Amino acid sequence: MTISQVSFGSHEPVLDVKDLTVKYIGDTRSTTAVDRVSFSIGTGEVFGLAGESGCGKSTIANSIMRLLKDPAKIAGGSISFGGKDVLAMSPEELRRFRWQDVAMVFQSAMNSLNPVLTIGEQIVDIFTTHAGYPRRESLRRAGELLELVRIDPARLKSYPHQLSGGMRQRAVIAMAVALKPSLLILDEPTTALDVVVQQEIMAQIKELQRELGFSVLFITHDMSLMVELSHRMAVMYGGRIVETAKAQDVYATPRHPYTQALMGAFPPLTGPRVPLTGLPDGVKFRDIPDLSEAAPGHFVAPVGPDASAVDTALLEGAAR
Amino acid sequence: MSHSVLSSSRPDISTKIPALEIRGLAKSFPTGGLFSRESVRALHGVDLTIGRGEIVALVGESGSGKSTLARCVARLERPSSGEILIDGVDVLKRDRFQASRAFRSQLQMVFQDPFGSLNPAHRIEHFLQRSLAIHGKGGGSGEETQRRLEGLMTTVGLQADMLNSYPHELSGGQRQRVAIARALAVEPQVILADEPTSMLDVSVRIGVLNLMRKLRDEQGISMLYITHDLASARYLADRTAVMFAGELVEEGESLDLLANPAHPYTQLLVSAVPDPARAGSYDPVRRAELRQAVMASTKCEFEGDPNQACSAEAPVRHLVGDPEDRHWVRCHLYQPWAAAAGHALAGEPTQPSRPASNAQEEASA
Ligand SMILES: Nc1ncnc2c1ncn2[C@@H]1O[C@H](COP(=O)(O)OP(=O)(O)OP(=O)(O)O)[C@@H](O)[C@H]1O
Ligand SMILES: Nc1ncnc2c1ncn2[C@@H]1O[C@H](COP(=O)(O)OP(=O)(O)OP(=O)(O)O)[C@@H](O)[C@H]1O
Ligand SMILES: [Mg+2]
Ligand SMILES: [Mg+2]
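Residue numbers (the numbering used here), protein chains in the order written: chain A, 1 to 320; chain B, 1001 to 1365.
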């Protein structure tokens, strides 16, 4: 079984990323932000992507959307969506692809709305431009979308700066689901939402997703939320995937030391306060090898003999 | 001191003038067009005190006024009424001139949106250098400054070569750490941190929280830590305050408050913390009950207590449990103002319903 064959739902993946490598080429600093990354997402599947800050998650999302800008170069690999080569799409094809096939909630959602247009104008614009609905119809739908994300439709008249951080995030989520794309990319969509609103909105997305059968690429640092919502997930470190399996398996038996640190490092909600440490200084994984199958459907990057002898001892300290 | 291993090193905070005292803070924003009379009430009668060297977490509903509160204290927004005392001095009465530089060396804010808060035209170095200048450490030899800058980067887990980067070259979490470093470099007396760690992976986040605690322990910096992450509030903050619809509804020692939440909204919050061990346990019926209790409570636990009279008119604060925990809850009979800031719970039906709304179904027709 190869990694790209493992997917929830249908056997035909909606999205298939193979050996993707992305570099940022600068005068002072060049980074390989994504390094030979492969994964696929099946129809109706929620796929989670976790990993350390700066490991390349948003870069992958932007690559799929074909939104990478200049110093960024796709140095290798392929991305296919519904059998089509995304990297070869014409500008015309891309326009359709972006709103109707794939929609994304950017990590910068709070800051990505147009400041001079009201929320209502921006949502209505999606409906009139991309779906061809008349204005009045679009306005009605815009109001419904805001209700879906728990915002009073009266706020259609508000400008982005008049909304709280979380309300802006919610408005952007509403816009992303407006056209019912077949793939929804959520890059840290709920950082500014309280857990009650977060739970309700994610439950709604999940419900919609079941109903309409779209797929989701879900990026978050909230491991609990990720495990709750994703069918499968991958954990990245330094541009590489270090582990991928069913989300419940990653949660129950994390195998890579970095995954173990991630799963073990959150402060508990009960019991005494116990000091925690993050990854201890000096624990760095380099030259991460390709994944190998450690258990059925559970792929892990092997950790070298030196690394495992030194690092796992340290990491156990980190995890508790 | 009773519950915690960590708080034993906490400096004695009870006897001195508080670092920050907020009294009766209120703020309304006009909405709609330029000449419209409509307004949104973002804050209403908020009283909150942060002792010297104390860390207070502010949690609550999205849109409940947390950022507005911080922005008022940082003088980025003019309150409609109320007093803000820093070190016992009402900052709203101080003149503009005094307000600027001296004020910034006294109080720093970490903004909620790391993508909007760093001017894209400058390199990272610039932001940190300016902070050092405010702190009066901008001078000195180039080498010394460079060493300080690199030290700051290391403290927040960033590589020193990123000093030359522009904000757009950094990931979300990297920007958040620059924003934190920028505030720390000033070594102010008070830091207002608005969701400073929301985009960091847990392992880096713990490092940043530990750093914040260390600054408090070693330099007595006081902090308001705004977060949606209840576990980190519990981990870092001495006390936690809960905000709902522009008002505080409960406050207390963090461990005690989260173990014994007394207000229905706090209970709702605690019940909604994601937990993979009980995945799929989202219960719309229980949710509707709590929602009902938040929006239209008909009873209060303290009804009939001769020492703590209830009131539906005034926001009475009932004392919960051991007085040492300074844990209070607003009387349940007092109702949130219906028109407050259009909060998320307000628009919802109180009847249990399927999570997916019918609106969306219609929209797909
Ligand atoms: N325009 C750019 N120029 C140079 N380097 C960049 C640029 N954009 C991103 N990078 C670098 O590429 C790496 C990956 O960034 P990316 O935004 O994909 O991380 P991420 O996994 O989304 O992190 P986070 O969780 O913090 O958002 C980071 O080290 C970042 O500094
Ligand atoms: N400049 C403004 N003009 C009009 N209304 C505003 C303005 N700033 C904030 N508001 C309103 O005030 C209320 C409180 O907003 P605030 O940003 O303080 O919430 P918050 O608690 O920080 O929420 P979040 O957790 O989502 O960031 C919201 O209803 C918001 O729409
Ligand atoms: Mg990112
Ligand atoms: Mg806010």
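Wrong hints could be hidden among the right ones.
Quick list of simulated restraints, FRET-style, between CB atoms [what the hints assert, rightly or not]: (1) A/297 x B/1301: 46 to 52 Å; (2) A/297 x B/1286: 30 to 36 Å; (3) B/1323 x A/286: 42 to 48 Å; (4) B/1038 x A/71: 58 to 64 Å; (5) A/211 x B/1299: 47 to 53 Å; (6) B/1299 x A/68: 36 to 42 Å.
Just so you know, the hints here were simulated from the structure itself, not pulled from any lab data. The structure displayed is predicted, hence computed values, not measured ones. Each residue gets a CB set at the ideal place from its N, CA and C atoms; glycine is no exception.
Now for the hints, and whether the structure bears them out:
A hinted range of 46 to 52 Å holds for the C-beta pair residue 297 of chain A and residue 1301 of chain B, which are about 50 Å apart. Here the CB-CB span from residue 297 of chain A to residue 1286 of chain B is close to 34 Å, well matched to the stated 30 to 36 Å. In this structure, residue 1323 of chain B and residue 286 of chain A break the distance hint of 42 to 48 Å, their C-beta atoms being roughly 55 Å apart. Our hint of 58 to 64 Å for residue 1038 of chain B and residue 71 of chain A is violated, since their Cβ atoms are close to 46 Å apart.
Checked against the given bound of 47 to 53 Å, the beta carbons of residue 211 of chain A and residue 1299 of chain B, roughly 39 Å apart, lie outside it. At roughly 57 Å, the beta-carbon separation of residue 1299 of chain B and residue 68 of chain A lies outside the given 36 to 42 Å, and the hint is violated.
The structure is inconsistent with the numbered hints 3, 4, 5 and 6, although it conforms to all the rest.
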